[in-house]
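Model the full assembly from the supplied sequences, consistent with the hints where possible.
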Amino acid sequence: MTARPDERLLDGEPMRPVRCRACGAAVQARKASWQQTSIQWSAEAMAACLERRAAAAGGGPNGGCFPACEALRASIVQAALDGELPVADDGGDGS
Amino acid sequence: MTTTDTGHDGVRTIETGAVPARFARGWHCLGLSERFRDGRPHTVHAFGSKLVVFQSGDGRLNVLDAYCRHMGGDLSQGTVKGDEIACPFHDWRWGGDGRCKKIPYARRVPLRARTAAWTTLDQDGLLFVWNDPEGNPPPDGVAIPRIEGAASDGWTDWRWNETVVHTNCREVVDNVVDMAHFFYVHYSFPTYFKNVFEGHTATQIMKGLSRPDARPPSKKGRPGMLGNTSVATYHGPSFMIDDLTYHYEGMDLDCVLINCHYPVDANSFVLQSGIIVERDERLGAAGAEEMAARLSDFILRGFEQDVRIWKNKTRIDNPLLCEEDGPVYQLRRWYEQFYVDAADVRPEMVERFEFELDTTRPVEAWKKEVEENLARRAAAAAGGASPGTVSRDAVSPGEVSPGGAA
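Order-wise, the sequence lines are chains A and B. Using my numbering, the letters of the first sequence correspond one by one to residues 764 to 858. Using my numbering, the letters of the second sequence correspond one by one to residues 85 to 490.
Note that these hints are calculated values from the structure, not bench results. Each residue gets a CB set at the ideal place from its N, CA and C atoms; glycine is no exception. Certain hints may be false.
[Unchecked claim] If you want the footprint, here are the derived chain A segments under chain B, 3+ residues with CB under 8 Å:
#1 770-776
#2 798-807
#3 828-834
This is the structure:
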């Protein structure tokens, strides 16, 4: 049961490096469209992330889940706007 | 079985792959612990073998291999005597630690009189066993989190269901990333969908609308159901806790839903669901209980819907995905960590991965479909024909309205 690669990354845009403008954490990211985002973190990026370090565990049994780093989200959007991170489906109409 | 995805003429070939030869390392819930506290031994078929669960005189719940190491008798057909389980074959007495304590007809217990004892956890009314093919105890950091509502008078008791499903348990785990099936199989309407995998946890964050085409119109004077917000996390390979809030006009209703399983063998598993609902005065005295009962039925219906798919589908190792599908391959990469030796867990299996789905197109398509279903229903009602919903199974908890008994 060896995990296979996601073919969407082979047939379409691959994951590309993006750096967080707040902490410098280096992640791999991909945007299949303006609303879709994939982020692959590494142990180093996790250690660097300021928001994650500052985050208190939320309430409830799943409160340990850190949903997102806002600074990284903004950095990925900026990288897409700057053209550093290609957005695969840039048509805007979803077709 | 071929090794390429595309055969002749560009036809996509399905690779079914082999089911894993071992069972996942991790905590597995066996159900409500209360069920095992009746002074009798219980048979549990799990992890490709037979287990006996019994409560010893000291109150502890113990899990041992069911087969007596003496002559192979089935301890789960035996009798609890004090702190030990006695074999029905020759009355050998086994303690919860797996050691033979006494053989009434023998002067002494022989050497090597030890059987497999499973590490257990009795928490929040649920009994868990730790499975590890390497035989190691649970490491730090994989504890099952406490569910505060389960021990609180402010919440209902567990409503628990279990059913045997005849397929490999990966099918149920795949659901954590499968947004579109929630619309087509379960008649819900996701509008936001995100997955986060990190360490031994896999989370699904989902927001949804209620489906007016999948239930009768809300009754007059009752607040209608608007939608729901759900944060569901697998804590290890098999135990998912879903922190679920239903949004009604003017109020929210909090529930905790458990979706968990344990493997019977490579091709079957016991699928379980549990639900507790927070008591709310607006629900009335019996309202929370009734809500829990209805939600429990709803979840069971959901399982039946899944099972109908699983019964007829093929295992598929190379699913063909569109961009509006979730991260199936990354989920399976995460899931693989539980099927390799602890020393062979690779960083990519446990490193954080996030996937936020673009729901723009799905929501457009589904709104249209819901409108079409409603128009068809209205036309049928006007024509005197049976109105019909999208399916006789399309029941949603939206039918459950606060404000007392229906």
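Within the assertion that chain B covers the segment 770-776 of chain A, do at least three residues meet a Cβ-to-Cβ distance smaller than 8 Å? Per the Cβ count (3), the hint holds.
Examine the segment 798-807 of chain A: at least three residues should have C-beta closer than 8 Å to a C-beta of chain B. Held - the segment 798-807 of chain A has 9 residues with a Cβ nearer than 8 Å to chain B, which meets the minimum of three.
With a Cβ-Cβ cutoff of 8 Å, does the segment 828-834 of chain A contain at least three residues near chain B? Our answer is that it holds, as 4 residues pass the Cβ test (under 8 Å) against chain B, meeting three.
In this structure, none of the earlier numbered hints is contradicted; all agree with it.
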